[in-house]
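S.K.: Given chain A's structure and the hints, the job is docking chain B onto it.
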Amino acid sequence: RDGGGLRGAMAGPARRLLLRRGLGAAAGPPSTRQLREAEEAAPVFQYAGKAAKRKDRVFVWGFSYSGALGVPSFVRPDAGWKKPRRIQPTPYRLETEEKISSAACGYGFTLLASNTRDITKVWGMGLNKDSQLGFQRSRRDQTKGYEYVLEPSPIPLPLEKPQQTRVLQVSCGRAHSLVLTDSEGVFTMGNNSYGQCGRKVVEDEIYSESHLIHQLKEFDSRVVQVVCGQDHSLFRTKKGTVYACGWGADGQTGLGHYNITSVPTKLCGDIAGVNIIQVSSYGDCCLAVSDEGDVFGWGNSEYLQLASVTETTQVNVPRHLPFKIGKVKEAACGGTGNAVLTEEGNVFVWGYGILGKGPNLTESAVPEMIPPSLFGCSDFSPDIRVARVRCGLSQFAAVTNRGELFVWGKNLRGCLGTGRMEDQYFPWRVTVPGEVMDVACGVDHMVSMVRSFT
Amino acid sequence: VRGPRFRKLKIGAGHRLDVKASGVFVLGIGHGNKLLTDLHNCHLTKVYTVGGLFGKATDDFSDTGNLVEKTTFDHITRENLERILAVIQGTNQKALLMYSNIDMKTQEAYELAVKGLIRPMGKSPPIITAVRCLQFALPEFQLEIHCLHETQQYLRKMVHEIGLELKSSAVCTQVRRTRDGVFTVGDALPRTRWNLRSIQEAIQNCQLKVETELERTLG
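Chains as they are written, first to last, in our numbering: chain A, 942 to 1395; chain B, 4 to 222.
One chain only, chain A, in its complex shape (with noise of 0.2 Å):
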């Protein structure tokens, strides 16, 4: 607009009138000095103050049908146009009203716990027909209980003191589960048919809408890891001895017969007067770590896990396996093959399956180095190394020092996490908008723990 020639061609009072609405100011672009005025007296927002803290979050990924991701919208939507999601191929933000510090995978159900002091500490989802994760009162019919738990729900434990025990850790096999506290002992529920909740077993006993939650208190020693394989569990304590109980019939039981132990006995074999300071099982092969770094392993050798000691493909008692790859720091064990993690941070690979070396290497009795450039190390960035390394039933994940995870092998209804449905062949990278601290790996879904970044 042409200001001049509007002030020449206006009357008097409307002249005045322009020049009072201040359109009579210098007209044009505004000069440097009033582009710094204005830009100091613009105000300052705070998104995060000095002593923002990074918030703990968990995500899950995988399948979805069982309610085992604990989103009850992928499988009732809440709008009747929506369709029911039936895989969650890439992490999605799972809500938890605690932080959480434990959690665990089981064959289409999961339970996460929190190490609080408050009243309820174990929250599961998923399958629960053999009531794996205790009785959850349906609302519709107060005497009946669910078959599926969409959302993760409180489960009920029997604690002698419950504001004062917490949970450390917890662990899920096919159809049970193993909590371990700090004062408490362990406690089981679950289908008990092969005797691996530790207590006998009831002939004809009906396992869905059960209220029982048995407790273990009698182990040498404080137990400091559960783990449960497919139908067996395995409890290991400070003094660094191992109980089993459950099925044996492939000697994952390790105690010297191939029958079914429904009490917690101790393990002897090569592990016998060894510190283990790691126990690892989900299908139905076993391995432990000893504070020297040996790795011992027994039970199924199908798939040539424990061929570099003997041909047998049950293997009932632990046998020290002699690997020449340094001392190792943490064994992993999934259904047909292992991994473990030395103290460099390498991670090695033997037994049957996609491995993580390639489509060629499908079988291997003795270890195999993951080439560590696959995990982002190079000459950029020298430092890296895997901290963590965990299986579930065909797949593999590590974590690195910096918090990537980084996983591989069948991609069973879009368990990996990559966004894609194919099967990966060596680690790859799972985008996750944080940093991982921790994962847990199940046959058909995952959960990770992570901490925000800012």
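There could be a bad hint or two in this list.
[What the hints assert, rightly or not] With a straight-line cut-off of 16 Å between C-alpha atoms, the simulated EDC-like cross-links for lysine to aspartate or glutamate are: (1) A:994 x B:77; (2) A:994 x B:190; (3) A:991 x B:82; (4) A:996 x B:168; (5) A:996 x A:1039; (6) B:160 x B:82; (7) B:118 x A:1320; (8) B:108 x A:981; (9) B:73 x A:981.
[Claimed, not checked] Derived CB-CB ranges, DEER-like: (10) B:221 x A:1039: 52 to 62 Å; (11) A:972 x B:6: 49 to 59 Å; (12) A:1304 x B:126: 33 to 43 Å; (13) A:972 x B:71: 41 to 51 Å; (14) B:81 x A:1310: 24 to 34 Å; (15) B:110 x A:1198: 35 to 45 Å.
[As the list claims (entries may be wrong)] Non-contacting residues of chain B with respect to chain A, defined by C-beta distances greater than 12 Å in every case (computed): (16) 38; (17) 75; (18) 152; (19) 201; (20) 207.
Rather than coming from a laboratory, the hints here were simulated on the basis of the structure. We put the beta carbon where it would ideally sit given N, CA and C, even for glycine.
M.R.: What follows is chain B alone, placed relative to chain A:
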């Protein structure tokens, strides 16, 4: 015969460098234009030094734009910034593998991934192969970025997004290309040496490097 040595020169430019950025800019003279196309097809990484400033957000992501918002930044530490940079590297690593059009199910893909040689050899969106924090002194910080197929405005947008991730805001103060494929700042001619003799010397010095790189990548 007398007269100027060169009457007409065909000059072609290599990868773009916009007005607000500075650094290495590759030009090809005469027959060198063909080499330029070949070098472009090699898809080599470029290295930039990017400077940023926390506390402001502008509309064109640089410090000369119109102010959109001011925020506090005293909660940001070097660890926070490095964590975000690690995630940026991670997601771009995935993009690197995805756009390289290699079938992930082959043994060949595994071998290349181990050596770190997977690279998109065709058109792809901007990919960052490596990021590192060089300096950090609130409110300023400086990053070294190795990238492919990028534009300088994309780098400025990245600085803005880093600011948003850290629950604050950031603007880009400086974009300087320190390496373009095989050409580094050491090979580049400063303004004082923009004369025929220096140009001829520079061409001779770089000839060997360019030839070896072309042979290695294109065969």
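S.K.: Now tell me if each hint is right for this structure.
M.R.: Status of the hints after comparison with the structure:
1. Note on residue 994 of chain A and residue 77 of chain B: the hinted pairing holds, with a Cα-Cα distance of about 14 Å set against a maximum of 16 Å.
2. In summary, the hint linking residue 994 of chain A to residue 190 of chain B is not supported, as the alpha carbons are separated by about 47 Å, beyond the 16 Å threshold.
3. This hinted pair checks out: residue 991 of chain A and residue 82 of chain B have alpha carbons roughly 14 Å apart, not beyond 16 Å.
4. Taking the CA atoms of residue 996 of chain A and residue 168 of chain B, the gap is near 14 Å; set against the 16 Å cutoff, the hint holds.
5. Our distance criterion of 16 Å between C-alpha atoms is met by residue 996 of chain A and residue 1039 of chain A, whose separation comes to about 11 Å.
6. Restraint check: the Cα-Cα separation between residue 160 of chain B and residue 82 of chain B comes to about 21 Å, which exceeds 16 Å; the hinted pair is violated.
7. For the suggested pair residue 118 of chain B and residue 1320 of chain A, the alpha carbons sit about 12 Å apart, so the restraint of at most 16 Å is met.
8. A hinted pair counts as satisfied when its Cα atoms are at most 16 Å apart, and residue 108 of chain B with residue 981 of chain A does not qualify at roughly 57 Å.
9. Proposed proximity of residue 73 of chain B and residue 981 of chain A is supported: the alpha carbons are some 9 Å apart, at most 16 Å.
10. Between residue 221 of chain B and residue 1039 of chain A the C-beta distance comes to about 58 Å, which sits within the given range of 52 to 62 Å.
11. In this structure the supplied range 49 to 59 Å holds for residue 972 of chain A paired with residue 6 of chain B, their Cβ-Cβ distance being about 51 Å.
12. About 40 Å separates the C-beta atoms of residue 1304 of chain A and residue 126 of chain B, a value consistent with the hinted range of 33 to 43 Å.
13. One distance hint, 41 to 51 Å for the beta-carbon pair residue 972 of chain A and residue 71 of chain B, is violated here, with the actual separation near 20 Å.
14. As the Cβ distance of residue 81 of chain B to residue 1310 of chain A is approximately 33 Å, the hint placing it in 24 to 34 Å holds.
15. A C-beta distance of roughly 43 Å is found between residue 110 of chain B and residue 1198 of chain A, which places it inside the suggested range of 35 to 45 Å.
16. Remark: the non-interface label on residue 38 of chain B is consistent with the geometry, its nearest Cβ contact in chain A lying 28 Å away (cut-off 12 Å).
17. Not every CB of chain A lies more than 12 Å from the CB of residue 75 of chain B, the least distance being 5 Å, so the non-interface label is violated.
18. Chain A leaves residue 152 of chain B outside its interface by the beta-carbon criterion, the shortest separation being 19 Å against a cut-off of 12 Å.
19. For residue 201 of chain B, the condition that its CB be more than 12 Å from all CB atoms of chain A holds, with the nearest at approximately 33 Å.
20. With a least CB separation of 30 Å from chain A, residue 207 of chain B remains clear of the 12 Å interface cut-off, as annotated.
The earlier numbered hints that this structure contradicts are 2, 6, 8, 13 and 17.
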